[in-house]
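Asks: Listed here are the chains, written in short residue letters.
2 protein chains.
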Amino acid sequence: MKKVRLGIAGLGHVGCGLISLIERQAELRLPGRVEIVGVSARSRHRARVVDVDKYTWFDDAATLAEHADVDVFVELMGGSDGPAKFAVETALKAGKPVVTANKALIAIHGQMLEALAQENGVDLMFEAAVAGGVPIVRVLRDSLTGVSVQRVSGILNGTCNYLTTEMLRSGQDYDEVLEAAQRLGYAEADPTLDVSGMDAAHKIAILSSIAFTADLDFDKVSVSGVENIQLPDLVLADRLGLRIKLIAEGILTDAGVVCRVATKALPVDHALARINGAENTIRVEADTLGAVTLTGPGAGAGPTASAVMGDISKLFTPTARSAFGRAEHHLVRHFEAAQLDERSAFFLRIKLSDKSGALAGLTEALAAHGVSVDKLVQDSADEAGASPVAIVTHTCSWRDMNQASDRVSGLASVIDEMRVIPIDPVAN
Amino acid sequence: MKKVRLGIAGLGHVGCGLISLIERQAELRLPGRVEIVGVSARSRHRARVVDVDKYTWFDDAATLAEHADVDVFVELMGGSDGPAKFAVETALKAGKPVVTANKALIAIHGQMLEALAQENGVDLMFEAAVAGGVPIVRVLRDSLTGVSVQRVSGILNGTCNYLTTEMLRSGQDYDEVLEAAQRLGYAEADPTLDVSGMDAAHKIAILSSIAFTADLDFDKVSVSGVENIQLPDLVLADRLGLRIKLIAEGILTDAGVVCRVATKALPVDHALARINGAENTIRVEADTLGAVTLTGPGAGAGPTASAVMGDISKLFTPTARSAFGRAEHHLVRHFEAAQLDERSAFFLRIKLSDKSGALAGLTEALAAHGVSVDKLVQDSADEAGASPVAIVTHTCSWRDMNQASDRVSGLASVIDEMRVIPIDPVAN
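Those sequence lines, one after another, are chains A and B. All residue numbers for the first sequence refer to our numbering, where the first residue is 1 and numbers rise by one. All residue numbers for the second sequence refer to our numbering, where the first residue is 1 and numbers rise by one.
One chain only, chain A, in its complex shape (with noise of 0.2 Å):
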């Protein structure tokens, strides 16, 4: 099909987020083109950041899952069981693919809806369900299939990770640390699933259960959260060059795959011990190949309704194969040469003749092609008179940059050429 027509159940935060997602398709990468046939959620008249009512209004998730329109079903509704496990069944045994972003559902009936889906010869996806935006279910399952995996671990709970983090950082206590993240929005009115640990263990087992062709049973799945602790857990630890953080796990071992979630100390120069604030990072080691890293927005409307678009660009009928993944109805851009009205700051090192006024003729021929100097270094001069000075500029275009860099070679006090180097900014 080149078409796909989803019905989609849940219209939070994510239902939101793929509605408007789908409003501007032709931006993105799809092989084909997506329709709704109906959307279906608890409250019909909640407000919402996109409007809902121009599509066809279904009281029940199962009637929409069922409908003959409908080839793919989008389950956003979230809960282990109850309605949202009724109609992903449904859907299956009316032959439609289920895209779902519940890492609950997939973590306790996982194997029961693959069993399902399997009888029916249709697919049951869940990329979005664990780490949101960022794609480790894929990877896993379809990528590192020339490996041998050992262990999977990861910080999978951006709340968890916000609150240690931002404990350490401000010298606050939990309780105090909780309370702002709930004003601010990174932690729910009701944290319990996040903060037990509850979240991470249902993401763990999933990937766990994928790495190690392992059959996913959660009740085996250990699992402790932040809730205990304390400020002078993390402010001790750091003074002995550690990191406490929510880590979850699944290891290979003789007996089995052993699963949990726990606090774990990291030394400071630790892969995972970097990952501050709310973003998710999944590690995978392997034999012959040594640890890939992933790392992403863990959650928000954004990055989990991109997954589930991911999920859904599989379901259309491959027409031609593209090594490219490009498809006909894709706008082709072009290569281009490089731009000299790109702007950036720069780093910039000079020597200098040990003459007095060198330096005010370089600012002053920088600053002639509206160059200016945010930091400067200065050293003193070695035998030759050569003073090395290093500088970083604030932004300006690249244009500027090349011209205000002729001048300066031509000026007498400069020995050899000036280094020009741009500044990337901060990006974490």
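Take every hint as true, because none was put in to throw you off.
Straight-line Cα separation of at most 20 Å, DMTMM-like style, residue types lysine to aspartate or glutamate; simulated pairs: (1) K3(A) with D142(B); (2) K85(B) with D219(B); (3) K2(B) with E35(B); (4) K375(B) with D269(A); (5) K314(B) with D123(A).
With the Cβ distance kept under 10 Å, some of the chain B side facing chain A (calculated, not the full set): (6) L18; (7) V149; (8) L216; (9) D287; (10) G296; (11) G300; (12) A305; (13) F346.
Just so you know, the hints here were simulated from the structure itself, not pulled from any lab data. Backbone N, C-alpha and C define an ideal beta-carbon position, used for all residues, glycine too.
The hints should help you fit chain B onto chain A, whose structure is shown.
Replies: Same frame as chain A, but now just chain B:
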């Protein structure tokens, strides 16, 4: 097909790595069985880490490529033109899917080869051509289809990153560090392709073409390398809070896709600034998503061969849809509760009453169960006479730690329960 029969051309590090992976394929998560029909390389009798004599030898790669028994042709010869290109063309024309690790071939002839693959209705796959074991090609092509990518940037050449990292660390100049790197095998005898930035340019051109649905035009890529970096650049930048690294980037601009490889200065808290040594990392920035970063081994026989296997595994006809990526022949493992014979170091926090001998009593109680102290900090007592103590232990079993913890709880000088947090060993 439940069986895939390979013709493998090129028996260098990666080719031999692939053969040894195939020889122990039962440990992997392949959807079926892989067989080797024949092998080909420039020299038959070179010393190799695997015994290739047991496989049928072909003097000519193209003859192997079109052999009737070959289902998939694997090209690991290298070089953008010449025999590699001819053999790949021959395979595609004969209706055989091709898996290659050849970045120069794909960067320069990728779209011509894609057209040839499409004409013949077969797949052309090149996960291993970019960033070795890091599965960025499939992530960009298949997972991140629900986002609009703005920028792809990264550290795509381990040799260059090792050189700049090591110059700053050791305080040695470029030539010295390069020579040492060549001795250690981190740089090739002829390092030109790496240090000129050309290798990274091949990779970023491929990634940009996928990410932006852009026609691959390698002539438009601007390329510079690390050959001219001098130690004072790195040292002075460091004093201004910057790390200089070779950065490959593709950016979507109004004029088109700008693709370049050049040294850039990154603030020390920039995500890419932390990548040291020979690792590769790729950061994908997209609206609605934010940024997702993948990090891992960018080269080496094991990681690259694993990536080749990942591609091969996609060429099996799916016989059953499995949400968890499990095939019938896979060893199915089970989840197991955590075992107490696991071993690690521990972070301990104790409140001790401020009496003489309290600390000695504590360390004796630990030692009685084989738990010994590696590092310890003790603060002066608070008004209530409680003195905070934090300990990093040497490695011991969790069972010993549990017993030691019980004994410590019984000590009269211990206030509150001892906090016990396992330490994860350093991982980069």
